[in-house]
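Participant: For this one, chain A is given, so just place chain B on it according to the hints.
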Amino acid sequence: MSITMTVNGRQAVVDDGATILTACEKAGVKIPTLCHHPDQKVKAVCRVCVVEVAGHRSLQAACAYPAQAGMEVSTGTPRVREAQKTVLELRVAGTIRPQDSCGSASCACCSRGTR
Amino acid sequence: MPTCVNNVETLANVPAIIENSPLWFRSLGTTNSAGTKVFTLTGNIVNSGLIEVPMGITLREIIYEIGGGIPHGRKFKMAQTGGTSGGCLAEAHLDIPMDYDSLSRHGSSLGSGALLIMDDSHCILDLTRCFLKFFVHESCGQCTPCREGTPALYQLINALIEGRGDKSTIELIHRLARTMQDSSLCALGQTAPIPVVSALRYFWPEIEGHMQGSCAVDKCFASKGEVRR
Numbered sequence: 010m011s012i013t014m015t016v017n018g019r020q021a022v023v024d025d026g027a028t029i030l031t032a033c034e035k036a037g038v039k040i041p042t043l044c045h046h047p048d049q050k051v052k053a054v055c056r057v058c059v060v061e062v063a064g065h066r067s068l069q070a071a072c073a074y075p076a077q078a079g080m081e082v083s084t085g086t087p088r089v090r091e092a093q094k095t096v097l098e099l100r101v102a103g104t105i106r107p108q109d110s111c112g113s114a115s116c117a118c119c120s121r122g123t124r
Numbered sequence: 002m003p004t005c006v007n008n009v010e011t012l013a014n015v016p017a018i019i020e021n022s023p024l025w026f027r028s029l030g031t032t033n034s035a036g037t038k039v040f041t042l043t044g045n046i047v048n049s050g051l052i053e054v055p056m057g058i059t060l061r062e063i064i065y066e067i068g069g070g071i072p073h074g075r076k077f078k079m080a081q082t083g084g085t086s087g088g089c090l091a092e093a094h095l096d097i098p099m100d101y102d103s104l105s106r107h108g109s110s111l112g113s114g115a116l117l118i119m120d121d122s123h124c125i126l127d128l129t130r131c132f133l134k135f136f137v138h139e140s141c142g143q144c145t146p147c148r149e150g151t152p153a154l155y156q157l158i159n160a161l162i163e164g165r166g167d168k169s170t171i172e173l174i175h176r177l178a179r180t181m182q183d184s185s186l187c188a189l190g191q192t193a194p195i196p197v198v199s200a201l202r203y204f205w206p207e208i209e210g211h212m213q214g215s216c217a218v219d220k221c222f223a224s225k226g227e228v229r230r
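Same order as they appear, the protein sequences are chains A and B.
Residue numbers in the first sequence follow the working numbering, run continuously in steps of one, and reach 124 at the last position.
Residue numbers in the second sequence follow the working numbering, run continuously in steps of one, and reach 230 at the last position.
Since the hints were derived computationally from the structure, they do not count as laboratory data.
Some hints could be false.
[As the list claims (entries may be wrong)] Subject to a maximum C-alpha distance of 25 Å in a straight line, what follows is the list of computed DMTMM-like cross-link-like pairs (lysine to aspartate or glutamate): (1) K220/B / E207/B; (2) K134/B / D219/B; (3) K134/B / E207/B; (4) K94/A / D167/B; (5) K134/B / D121/B; (6) K168/B / E98/A; (7) K52/A / E139/B; (8) K134/B / E98/A; (9) K168/B / E91/A; (10) K52/A / D24/A; (11) K94/A / E172/B; (12) K134/B / E172/B; (13) K168/B / E209/B; (14) K35/A / D48/A; (15) K94/A / E34/A; (16) K50/A / D24/A; (17) K76/B / E62/B; (18) K94/A / E61/A.
On a predicted model such as this, the values are computed, not experimentally measured, just so you know.
The following block holds chain A by itself, in its conformation from the complex (with noise of 0.2 Å):
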């Protein structure tokens, strides 16, 4: 069985029990991942490929997300790329665990926050 959806106003039609990133591609509409391989199994957890669900009030990673007859489905909003950035910002920054130890000046963590 096969469900209608939208995702930026463009149709998509996709197999039941399809994801959300599965149905952006078939409205070829690009979705970034870093841990999503099609030959694993769903871990959602990087949530880089966020996207916005209509009537959902978090945001919702693609990947793992079933497809829904009827939704309907953002990307690339202000809310989305922000997340997105946000989120590979830190992933990148590999923030340092706070060490209640450390007072040292020349600690890069501690004396510049993450910035």
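Facilitator: Just chain B now, kept in the frame of chain A:
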């Protein structure tokens, strides 16, 4: 697998409702938040412990009538409702009714029913850092926004405490908070920024003071503007 999970507090209400009728239950509390609520009253309060009160009771009534007030002649400063991921409320909120709608309007929640009361000997940034330390430890580390975001928030608050914060620090805190609330995998990461955001909102003059090198309770800086480590 269909699973039914019931809160103990919900189950405990059932016998009383069967015995006294749903109308009786509805007569307690407010229209949208009926019945009673169990709170865990902790922190700088004379009578700490578990209390059961009608929904919609004010924070002032809980603190000064049931809780017996703030000990050691100190003044009330902050109340955190709903546990560590709840919002920090200030003195101006003492008269808001404790129910689902009112608290959510003020950026907080009833959450777990925990009520942390803090007196004026505490610095709001010190408290916020303490809440964040909890989240850094509790984050399971699966998703990026929570695993990396909680220590980043901790570092940013720490920067403010040590007098290294400026306007860009605040902007970064807000952007991080939005991202964590929007894209974390579970409710832990989604709610971890709530105490931070509410502290920035309701205790702004005190936080702004830190950017100019002064701490309202003189906790964060030594004399002569030196940073206390």
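Participant: Tell me the hint numbers this structure goes against, listed in increasing order.
Facilitator: Violated: none.
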